[in-house]
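K.L.:
Line by line, the protein sequences give chains L and Y.
The numbering used here applies: residue 1 is where the first sequence begins, and numbers increase by one.
The numbering used here applies: residue 312 is where the second sequence begins, and numbers increase by one.
Treat the hints with caution; some may be incorrect.
DSSO-like cross-link-like pairs, simulated, lysine-lysine; straight-line CA separation at most 27 Å [unchecked claim]: (1) L:Lys251 to Y:Lys481; (2) L:Lys172 to Y:Lys481; (3) Y:Lys481 to Y:Lys424; (4) Y:Lys424 to L:Lys285; (5) L:Lys309 to Y:Lys424.
Just so you know, these hints were derived from the structure itself, not from any lab.
Note that the coordinates shown come from a computational prediction; the quantities given were computed from them, not determined experimentally.
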Amino acid sequence: MTHRQPAIAPSEITPRAVFEQRRALLRQAGLLGAGMATGGLLLPGTARANLAPRPSALSTTEARTPHKDVTTYNNFYEFGTGKDDPAERAGTLKPRPWTVMVEGECAKPRRWDVDELLKLAALEERVYRMRCVEGWSMVIPWVGYPLSELIRRAEPTAKARYVEFTTLLDPKQMPGQRAAVLEWPYVEGLRMDEAMHPLAILCLGLYGELLPNQNGAPVRMVVPWKYGFKSAKSIVRIRFTEAEPRTAWNKAIPGEYGFYSNVNPNVDHPRWSQRRERRIGEFGKRDTLMFNGYAEQVASLYAGMDLRKFF
Amino acid sequence: MNPSPRRLAALRAVLFTACLVPAARLAWLGWRGELGANPIEAVTRSTGWWTLALLAATLTVTPLRRLLGAPWLLRLRRMLGLFAFGYASLHFTTYLWLDQFFDLAEIARDVVKRPFITVGFAAFVLLLPLAATSTNAMVRRLGARRWQRLHRAVYLISVLGVLHFWWLVKKDVTEPRLFALVMGALLAARLWWRWRGPAPGRSVPGA
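Produce the entire structure from the sequences given, and follow the hints as far as they go.
P.N.:
Okay, here's the thing in structure tokens:
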């Protein structure tokens, strides 16, 4: 298996937010002429910030869900509970400047700038199945690298048994937080071995570009064998803990959303079946696979556990 | 101040067209492929929402008639009720055909195991005799009193309908709550009038 080396290092790429800001400045300064002279390079759509991720053997070859569907049909309650709310309302989120505090039970706590995170490890394209707890699914080409790359650098102590992810809390940027649908900020968590698993990625991009706001910009988790809500979006803090983190949906409805929330066709949501799913873009339903089809890689993490009890 | 027959006919034509708009809109968007990433969910949601809205509209006729002293409003009620049934049928068909693709075993499991489907299904089944007895001939055959008693099932149907919506949503119950408030107010108005005794003056069959 040979990997194509990216032609341009990610560090050399100007993030879209930055170049858009620069363009706005150019315009404001009345240097429209200069802007137009370089217009060929700056036209939106042609100057896409390609992250040039390298392919990964962990990607599925299934047909990808169209970009339009991935970016317009989202659950991101920080921008409203409707599926089209995030795409319509996430413009208020400012993904730059952005830092992520890594702290808790570790030897080297540190605040990371998101642009440092972009360069922390080689970016890979991970085409994963995504199964929502509501019964629909997508195939999404994420861009990122294993979370373990970041965890390693923090040198977690022996007490670090869990990893907790916290989403930004700012009702100005996230107007959905003005409604008390969930307890804000959104908190998610993984057991340490889950977080260290090579399939669990720290995600910075989608379809080769920086993450759109509605998909959890600028940095989110993707844990493909769990229901979608386990993958925290727009993360500002990653904390190593000894106790199991109290996660947002678990706090909201403990009888329906467990800490583990592994995709499992045999354990129904109390109010609906999880046996099947509708892949977005398909007409009929397909069977839901154990651990969302990643059983071979992750089943050993749960050996001996009663998955009905630890749902 | 009854409207003339011509004006009433015109009013009914307008109402009829208005009730068709949501279905026409869905058909138009569907034909253009603009129902979003999950068109089946969009159709299910929309037809369900309009079923509840039209049920509420049907239940508004009697209180409005009493408040405005406009008995002729009653002559719009059947159409509203039948449109509620029409949207419920579209909603049910979407589930049966597009969502479950006539997988009867799966549907049976749903009806038994999923409370929100159980109550939704029950509400739809209860609507059937009401729709079937909506003609003038059926009213005559049953007699006004029995017909009226049968059609009181609409109160139960509206409660089940709201429950169906409430139990279906994951967390955000804003809209189900709104329907619950509206239906609750409409039912409370009836209880209030019942408690106060019959309205002064004439009484019109069909509470």
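K.L.:
All the hints need checking, so say for each whether the structure fits it.
P.N.:
Hints versus structure:
no., hint, in the structure
1, L:Lys251 to Y:Lys481, "13 Å, holds"
2, L:Lys172 to Y:Lys481, "25 Å, holds"
3, Y:Lys481 to Y:Lys424, "17 Å, holds"
4, Y:Lys424 to L:Lys285, "19 Å, holds"
5, L:Lys309 to Y:Lys424, "19 Å, holds"
Checked against the numbered hints given earlier, this structure breaks none of them.
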